[in-house]
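Asks: Chain by chain, the residues:
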Amino acid sequence: MAYGDKVAVDGLSLEVARGSITAVLGPNGAGKTTTLETCEGYRVPQRGTVRVLGLDPQRERAALLPRIGVMLQSGGAWSGVRAVEMLEHMAALHAHPLDTNMLVERLGLADCGRTPYRRLSGGQKQRLGLAIALVGRPELVFVDEPTAGMDPQARRTTWEMLEEVRADGVTVVLTTHHMDEAEHLADRIHIIDRGTLIASGTPAELTRGGRSATIRLVVNRPFPDGAPESLRAELGPLTEVRQLDEVSMLIHGPADASTLGRVSRWCEEHGVLPQTLTLGQRTLEDVFLELTGRELAS
Amino acid sequence: MSTPSSRTFTPAPGGAGLGPMVRAQARMEARLMLRNGEQLLLAIVIPVIVLVGGVAAAGRLGSTFEGHAPVDLLTPGVLALAVMSTAFTSVAIATGFERRYGVIKLLGSSPLPRHGLLLGKVLALLNVVALQLVVLVVVALALGWEPSLADPVPTVLGVLLSVALGTAAFASLGLLVAGALRAEATLALANLVYLLLMAGGGVVLPTSTYGAAGGLIQWLPSGALGEAMRSALVHADIDGRSLLVLAAWAALGTLLTARTFRWE
Numbered sequence: 001m002a003y004g005d006k007v008a009v010d011g012l013s014l015e016v017a018r019g020s021i022t023a024v025l026g027p028n029g030a031g032k033t034t035t036l037e038t039c040e041g042y043r044v045p046q047r048g049t050v051r052v053l054g055l056d057p058q059r060e061r062a063a064l065l066p067r068i069g070v071m072l073q074s075g076g077a078w079s080g081v082r083a084v085e086m087l088e089h090m091a092a093l094h095a096h097p098l099d100t101n102m103l104v105e106r107l108g109l110a111d112c113g114r115t116p117y118r119r120l121s122g123g124q125k126q127r128l129g130l131a132i133a134l135v136g137r138p139e140l141v142f143v144d145e146p147t148a149g150m151d152p153q154a155r156r157t158t159w160e161m162l163e164e165v166r167a168d169g170v171t172v173v174l175t176t177h178h179m180d181e182a183e184h185l186a187d188r189i190h191i192i193d194r195g196t197l198i199a200s201g202t203p204a205e206l207t208r209g210g211r212s213a214t215i216r217l218v219v220n221r222p223f224p225d226g227a228p229e230s231l232r233a234e235l236g237p238l239t240e241v242r243q244l245d246e247v248s249m250l251i252h253g254p255a256d257a258s259t260l261g262r263v264s265r266w267c268e269e270h271g272v273l274p275q276t277l278t279l280g281q282r283t284l285e286d287v288f289l290e291l292t293g294r295e296l297a298s
Numbered sequence: 001m002s003t004p005s006s007r008t009f010t011p012a013p014g015g016a017g018l019g020p021m022v023r024a025q026a027r028m029e030a031r032l033m034l035r036n037g038e039q040l041l042l043a044i045v046i047p048v049i050v051l052v053g054g055v056a057a058a059g060r061l062g063s064t065f066e067g068h069a070p071v072d073l074l075t076p077g078v079l080a081l082a083v084m085s086t087a088f089t090s091v092a093i094a095t096g097f098e099r100r101y102g103v104i105k106l107l108g109s110s111p112l113p114r115h116g117l118l119l120g121k122v123l124a125l126l127n128v129v130a131l132q133l134v135v136l137v138v139v140a141l142a143l144g145w146e147p148s149l150a151d152p153v154p155t156v157l158g159v160l161l162s163v164a165l166g167t168a169a170f171a172s173l174g175l176l177v178a179g180a181l182r183a184e185a186t187l188a189l190a191n192l193v194y195l196l197l198m199a200g201g202g203v204v205l206p207t208s209t210y211g212a213a214g215g216l217i218q219w220l221p222s223g224a225l226g227e228a229m230r231s232a233l234v235h236a237d238i239d240g241r242s243l244l245v246l247a248a249w250a251a252l253g254t255l256l257t258a259r260t261f262r263w264e
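These protein sequences, in sequence, are chains X and A. Counting in my numbering, the first sequence runs from 1 upward without gaps. Counting in my numbering, the second sequence runs from 1 upward without gaps.
Bound conformation, chain A alone:
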């Protein structure tokens, strides 16, 4: 009791308010996501390689897809791939390790409520996705991409709806995995699912190129996101069925996550 009061630590408790807290959380998560080498590889490097490699290979084979230049058909698929990589794989891995390292536990003792944490995550995710799309659009334009802009309203609306619903669907599924499994299992599963869907999930290439399997693949979130993006950017058309499929996956993922997610 001999220590004199310096008034340095005099209590003045209080949360910062939901808006500032969510913004701080979003900034922090986005910064960490962009700082992580593996996540950046997944978010930017792999989609760029798929785009450049795909266009080069198609050019060498002299092939066109349904009368479209390869870059025009591949770009919407690669944009869809980028959304999937961040919303599903990056979110799953980051959240899995946040649970493991006790980050969610510590934040659970801070004034940031759980819905604030979730909002921060969504905001960070949308920022990273926007950044990815800008980079990929620049690369695609450099490769000679000519998006269909004859009818800009359905094109822009279609892209926005696809990105929003695709992000929601994949993020809810990513959180479902992260909230139920151990961090290492989440890491392995999220990467495996990403590779399987990239190769056979109808993201990069139209579901029509998968033959008989295409009928099934269009019901996967990957196939639906790819088709919706292609409809908007190649045909200036809003693919209502694919958007509904994405909305259904988002609803299912959210419901299951809400039931099973363990914060610690």
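So that you can see chain X by itself, here it is in the shape it has in the complex:
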């Protein structure tokens, strides 16, 4: 999938199980929205195949559209339309819509029900967008950054609703650049960066990190030159050392107390004081950092 000569998404291969929540995770510009819009039939891939619910989003669009719900990343409503009026209009386009009052109530839209769309806050627009995606009782919903701009309470409400939606048998595909969101909600996570899939798995699989453990070391002043090499020499050939920035390193190796001891001895010898020295489970943030060498938030 390319825009002009800039390739946005290339060789991406994903599968999604029914009745599950799949998170497509990646930094801004990774190709998350492009991937979703290709599944929704908005974009025609230059090559490759896309099947959604077994249907071609281009050629079998008319059959597919009633079965999916879409929450756009932004916009989608007339500027002068009232919040509840918009939801009721979208409900009227479906054969067996959900009770709009229930959605309004559950998503806290009652207070702004008569407010024109242009005057809704970012969080209110997001909640209305989610209601619109769900109102037609779809089998599959695509939600593009569902909690962007939401306060923590609205975020929690949204998570609970998406979990309930899954429990009722709806398949959810969401994009996010929040690790905690993916970790909390998703059955399966696909991490994409610069348009390519770089890792897939359950949150547990992605953070387990194989047989070895990860040690995260942050020190109080910059490491001396050649620090990674010298530390690797200290720890032995089974260890992998990666310097992340001038004060932090990730160390993969056998998970034992002696490794930790040798790391702290090495710090002492090189005149740096460990401020963080943790052994243990990786977070998705670590996974992303290791895979791309960059922080996710950037």
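Bear in mind the hints are in silico, worked out from the structure with no lab data behind them. Only a predicted model underlies this, so the values are computations on that prediction, with no experimental measurement involved. Among the hints, erroneous ones may be present.
[Claimed, not checked] Partial list, derived from the structure: chain A residues whose beta carbon lies under 7 Å from chain X: (1) Thr3; (2) Ser5; (3) Thr10; (4) Pro11; (5) Met21; (6) Leu32; (7) Arg60; (8) Gly102; (9) Val103; (10) Ser109; (11) Leu112; (12) Leu216; (13) Trp219.
[Claimed, not checked] The calculated label-pair distances, taken between Cβ atoms and stated as ranges, are: (14) Arg119(X) - Gly17(A): 49 to 55 Å; (15) Arg35(A) - Glu205(X): 50 to 56 Å; (16) Gly19(A) - Arg59(X): 21 to 27 Å; (17) Leu14(X) - Val45(A): 52 to 58 Å.
[To be verified] Pulled from the structure, derived: some chain X residues nowhere near chain A, Cβ distances all over 10 Å: (18) Glu40; (19) Ile68; (20) Gly113; (21) Ser121; (22) Leu134; (23) Met150; (24) Glu163; (25) Gly169; (26) Glu183; (27) His184; (28) Leu244; (29) Arg265; (30) Glu285.
Beta carbons: idealized from backbone N, C-alpha and C, even for Gly.
For chain X, the structure is supplied; the task is to place chain A on it using the hints.
Replies: Same frame as chain X, now just chain A:
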């Protein structure tokens, strides 16, 4: 996976059927059009001002047009103006902003197909035009308008054909502009064209009053719509040539729109 199933969201997908979807879309668009202050100004207020002002000015000057009372000649032109304002300017601006705000994109993921969206638009447009014509006819009658009803068949048929073909021609041109330009450019161009055609396009005043330019103006959609309305309501006559001109503009506009319209 701990959340128990409440069956609230159990899938039951399906579109509402073309008829109900088109009606819902038409209701929504008509409501939004009538709620928008600027569009209402364009649809009702300006034509009423032109009618009342024109009749008052002609009365003060003591002039008649080709032996007709000013209100009898101005009313068909003002009805034509109202059709043009809604079918062209309002449709162009509304559609331009629907593209900008992603409304068309969101509807593109709903069961409403594109031809359903277009049908809904046409239905909304015809409803608003009908409402405009009722208001303007009431105002004109209050000003002493006496339409020619000696021969009602050509009059009624002429008006219906003029309104239908005029709406089709201007709406296709409005969509052409909205589908090709950015929303702000559409807003500016649609208003500019409206003002130019109102002043010099042969809508309100007969093309014969434009002197030598009248020969050209009668080929414009504005001039053709104005002439066809005047023929029907002043002379109880169906102006076949003007109706053909409108049909040709509608065909050209539809063809170009179908080729160039970008939904997003």
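Asks: Decide, hint by hint, whether the structure agrees.
Replies: Status of the hints after comparison with the structure:
1. Thr3: holds (4 Å)
2. Ser5: holds (4 Å)
3. Thr10: With Cβ-Cβ at 5 Å, under 7 Å, it holds.
4. Pro11: holds (4 Å)
5. Met21: holds (5 Å)
6. Leu32: holds (6 Å)
7. Arg60: Violated, about 40 Å.
8. Gly102: holds (3 Å)
9. Val103: The hint holds - Val103(A) has a Cβ within 7 Å of chain X, the shortest such distance being about 6 Å.
10. Ser109: Since chain X brings a Cβ to about 4 Å from Ser109(A), closer than 7 Å, the hint holds.
11. Leu112: Check passed: Cβ of Leu112(A) comes within 5 Å of chain X, closer than 7 Å.
12. Leu216: violated (39 Å)
13. Trp219: Result: violated, 36 Å to nearest chain X Cβ.
14. Arg119(X) - Gly17(A): 49 to 55 Å: At roughly 33 Å between Cβ atoms, Gly17(A) and Arg119(X) fall outside 49 to 55 Å, so the hint is violated.
15. Arg35(A) - Glu205(X): 50 to 56 Å: Given a distance of about 53 Å, which is inside 50 to 56 Å, the answer is holds.
16. Gly19(A) - Arg59(X): 21 to 27 Å: For Arg59(X) against Gly19(A), whose Cβ atoms are near 25 Å apart, the range 21 to 27 Å holds.
17. Leu14(X) - Val45(A): 52 to 58 Å: Hint holds: Cβ distance 55 Å, inside 52 to 58 Å.
18. Glu40: violated (6 Å)
19. Ile68: Violated: least Cβ distance 7 Å, not greater than 10 Å.
20. Gly113: Given that every Cβ of chain A is farther than 10 Å from that of Gly113(X), nearest at about 16 Å, it holds.
21. Ser121: holds (17 Å)
22. Leu134: The claim breaks: Leu134(X) does not keep its Cβ more than 10 Å from every Cβ of chain A (closest is about 7 Å).
23. Met150: holds (19 Å)
24. Glu163: violated (4 Å)
25. Gly169: Violated, since 6 Å does not exceed 10 Å.
26. Glu183: holds (14 Å)
27. His184: Correct as stated: the minimum Cβ-Cβ distance to chain A is 12 Å, above 10 Å.
28. Leu244: holds (34 Å)
29. Arg265: Label holds. Min Cβ-Cβ 45 Å, cutoff 10 Å.
30. Glu285: holds (24 Å)
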